[in-house]
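Asks: Chains as they are written, first to last, in UniProt numbering: chain Z, 1 to 256; chain S, 1 to 256.
The set of hints was computed from the structure by calculation and includes no laboratory data. Please note: incorrect hints may appear among the correct ones.
Intra- or inter-copy, both count: the list cannot distinguish identical chains.
Cross-link-like lysine to any residue pairs, in silico, SDA-like; alpha carbons within 25 Å at most [what the hints assert, rightly or not]: (1) Lys252 - Glu162; (2) Lys72 - Ser41; (3) Lys252 - Ala205; (4) Lys197 - Ala73; (5) Lys252 - Pro91; (6) Lys252 - Gly99; (7) Lys197 - Gly93; (8) Lys197 - Arg147; (9) Lys252 - Val67; (10) Lys126 - Pro244; (11) Lys252 - Gly93; (12) Lys252 - Arg169; (13) Lys252 - Thr214; (14) Lys252 - Asp92; (15) Lys252 - Glu69; (16) Lys72 - Gln248; (17) Lys252 - Ser89; (18) Lys252 - Ala73; (19) Lys197 - Glu68.
Quick caveat, the model's predicted, so the values are computed rather than measured.
There are 2 protein chains.
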Amino acid sequence: MAPSSLPEGQPALRPRRLVIAGMEGCTGCAVCEVRARGICSALNDQELEQLARAAVRVTMPPGRVFVEEGAKADAFFNITAGTAKLFKSLPDGRRQITGFVGVGHFLGLAVSDRYAFGAEAIDQVKVCRFSRERLEMVVEEFPRLERRLLSEAANELVAAQEQMLLLGRKTARERVASFLYEQLLDGYGNDIPSGAKLHFPMTRADIADFLGLTVETVSRTLSGLRRDGLLAMGAGHEISVMAPARLQAIAKGEEG
Amino acid sequence: MAPSSLPEGQPALRPRRLVIAGMEGCTGCAVCEVRARGICSALNDQELEQLARAAVRVTMPPGRVFVEEGAKADAFFNITAGTAKLFKSLPDGRRQITGFVGVGHFLGLAVSDRYAFGAEAIDQVKVCRFSRERLEMVVEEFPRLERRLLSEAANELVAAQEQMLLLGRKTARERVASFLYEQLLDGYGNDIPSGAKLHFPMTRADIADFLGLTVETVSRTLSGLRRDGLLAMGAGHEISVMAPARLQAIAKGEEG
DNA sequence: CGGTGTGTTGAATGGTCTCAACACCTGTGG
DNA sequence: CCACAGGTGTTGAGACCATTCAACACACCG
Chain Z
1 MAPSSLPEGQ
11 PALRPRRLVI
21 AGMEGCTGCA
31 VCEVRARGIC
41 SALNDQELEQ
51 LARAAVRVTM
61 PPGRVFVEEG
71 AKADAFFNIT
81 AGTAKLFKSL
91 PDGRRQITGF
101 VGVGHFLGLA
111 VSDRYAFGAE
121 AIDQVKVCRF
131 SRERLEMVVE
141 EFPRLERRLL
151 SEAANELVAA
161 QEQMLLLGRK
171 TARERVASFL
181 YEQLLDGYGN
191 DIPSGAKLHF
201 PMTRADIADF
211 LGLTVETVSR
221 TLSGLRRDGL
231 LAMGAGHEIS
241 VMAPARLQAI
251 AKGEEG
Chain S
1 MAPSSLPEGQ
11 PALRPRRLVI
21 AGMEGCTGCA
31 VCEVRARGIC
41 SALNDQELEQ
51 LARAAVRVTM
61 PPGRVFVEEG
71 AKADAFFNIT
81 AGTAKLFKSL
91 PDGRRQITGF
101 VGVGHFLGLA
111 VSDRYAFGAE
121 AIDQVKVCRF
131 SRERLEMVVE
141 EFPRLERRLL
151 SEAANELVAA
161 QEQMLLLGRK
171 TARERVASFL
181 YEQLLDGYGN
191 DIPSGAKLHF
201 PMTRADIADF
211 LGLTVETVSR
221 TLSGLRRDGL
231 LAMGAGHEIS
241 VMAPARLQAI
251 AKGEEG
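Please model the complete structure; the sequences and the hints are all you need to start from.
Replies: What follows is the structure in C-alpha cells.
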C-alpha cells in the first residue's frame, strides 16, 4: 500500500472536520498509551507498524459527535484518550446512552453499511481512526486481530445483557447503585476501599440517559444514597463511596 | 466496541431441507436445515464435515434450561429447531429476557469461564452442541468461522442496543408495537402485507419479561392495539396485524 | 454583572404495577 | 357426560414509583 498522503503541518485550532493532532499515520504506536490495551495488544511491534499505516490520530473537543446515527459506516475508531458516549435516539428526542467508552475501546463496527448508533465526545477525546477498507486489509493479514475483535464484542454483549436487566427490571435506586459500583470496579478492580473516590466526566443528564431515568430522579436517588450514609459528595463531579459492600448489595437487588 | 461490518452481509435464505432426526455426530450437516444459516454457512461441505465431528445433536423438551446462569461455560450451541429464550435474573426472581433465539442461532459465547446468562427451551428445541475445546480447534483451523462468529456477535450487539433503547425510553405501547413489528420483519421480510399473521411460541409472561413489563400490561396493551384496529386476535397465540405501517410508526415513537 | 448550563428540591400528575377476580382451555378422571 | 384442577390470559380498582412541571442555588464565562 502506498504511504498515506495526509496533510502535514501544524494541527489546526478547530477545523470543521477532523483534527490531525501531532501525528500522521500513528508511527508512534509502539509508545502509544494504549499499546497494551484493546486491539493493539493483539499485535507485535512489527505488525502494529502496519496497522499504524492505516490509522490517523484525531482529537475531538467535548461535545463533538464523531459518529452520526444512520450515517455511512466508513470508519472505525480506537480511543486513546478521554471518554465518549454511545447512544441511540428516537425521533422526538428521547435518547438512550448504550455505553460510556474509554481508553482502549474499539468502536465503529456496524452490521449494515450504516452506523446503528451515535458517538459523542464527553471530554477531550483522542482516537486512532481507520478507514473501513484499510482496517479490513489489516484484519485480513492478521487473523489474530479478528480474534481480538470477537473477544471485545463478546465483552460488550455481556455488558449489554447486564444493562438490559438493569433497564428492564431494576428500580431507580438499584440502577444508580449499579452504575456507581460498575464505576468502582473500573477504577479500583475487585478490592474497593471504603471511601473510594469516583470522578465522572459525564453530566447528570448523561447518567440519566444511560440508566433510563430522568435527571431529577438521578439527583434525588443520589441524595437518598447520601442521606443513607452510602455516599459523600465532593466538589465537581466527585463522589466518595463510604460503603461499597452495601452499594453492591443494592445494585444486585439484595435490599428489601 | 460496537457492531461490526467487517464480515460480509447475510447469506440469502435457501429452501429448507428435511431434518434428519436422531443423528449422532451430525454427519448429515450437508443436508441439515441450518446448512445455509448461521455459522455453518461459512464453511464448505468438506470443512463442515470436520465441524460435524465436534458436534453432538441434542433435543430439549419445552421448559428445559440448557444453559444455567453462572455455570461453567464449557459448551456452545447451534440451534437447528425450535425457539429458546436467553435471560438474566436477580436474586429475588425478577427476570429479564435478553432475547429469543431461533433456528440458525449460535450461542454460548462467554467472557469469563462462566455463562453470564441462562437459556431455556420454549418449544421443542434441537441443537448442535460443541464442547469448548473442540470448537476452538475447528475455529483455529478455519478462520472464516471466526469472521462469521464476529458477524453474529455484531448483529446481536445491534439488537441489544435497540433493546436498550426500548427498555430505557419507550412506553408500554411502543414496546409491544416494537416487539410485534420485529416479529413481522422476521417472518415476512421488508414487505409486510396488511393482515399478516404471527404465531408466538412464547407466553405473555415471556413477552413481558422481554419488554420489561408485567403480563397485565402486555395484555392490556395488546387489547388497546386491538381496540384501535391495529391487531386482530386469533386462536392460540396467533395475532393478525391489520396495519403494519401504523404499528411501525408507533414502534419508532412517531405517535403522539 | 447578567446569561447560560447544570444540579437540587418540591408538589402534583400519571403510567405502570400490584392485587384481585374471572374467563378460557386442556387434560384427567369419575 | 360432567366435574375439577392447573395453567394461561384478560380485565378492573387502587397504590406507588418515577415523571413532569416548577422554582431556586450555584458555577462558569462573556
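Asks: With reference to the structure, classify each hint as holding or not holding.
Replies: Here is how each hint holds up against the structure:
1. Lys252 - Glu162: both (11 Å within a copy, 24 Å between copies)
2. Lys72 - Ser41: neither (28 Å within a copy, 27 Å between copies)
3. Lys252 - Ala205: The answer is both: 23 Å in one copy and 22 Å across copies each meet 25 Å.
4. Lys197 - Ala73: Neither: 38 Å inside a copy, 35 Å across copies.
5. Lys252 - Pro91: between (33 Å within a copy, 8 Å between copies)
6. Lys252 - Gly99: both (19 Å within a copy, 21 Å between copies)
7. Lys197 - Gly93: Answer is neither: 33 Å inside a copy and 32 Å across each miss the 25 Å cutoff.
8. Lys197 - Arg147: This pair counts as neither: shortest intra-copy Cα distance 35 Å, inter-copy 41 Å.
9. Lys252 - Val67: between (33 Å within a copy, 21 Å between copies)
10. Lys126 - Pro244: For lysine 126 and proline 244, neither the intra-copy (32 Å) nor the inter-copy (44 Å) Cα distance is at most 25 Å.
11. Lys252 - Gly93: between (31 Å within a copy, 12 Å between copies)
12. Lys252 - Arg169: both (11 Å within a copy, 22 Å between copies)
13. Lys252 - Thr214: both (21 Å within a copy, 20 Å between copies)
14. Lys252 - Asp92: between (33 Å within a copy, 10 Å between copies)
15. Lys252 - Glu69: Intra 32 Å, inter 15 Å, cutoff 25 Å: inter-copy only.
16. Lys72 - Gln248: Answer is between: at 23 Å across copies they meet the 25 Å cutoff, but 40 Å inside does not.
17. Lys252 - Ser89: Between copies, since 10 Å is at most 25 Å while 28 Å is not.
18. Lys252 - Ala73: Between copies, since 22 Å is at most 25 Å while 37 Å is not.
19. Lys197 - Glu68: Answer is neither: 33 Å inside a copy and 36 Å across each miss the 25 Å cutoff.
Going through the hint list in order, the structure does not satisfy hints 2, 4, 7, 8, 10, 19.
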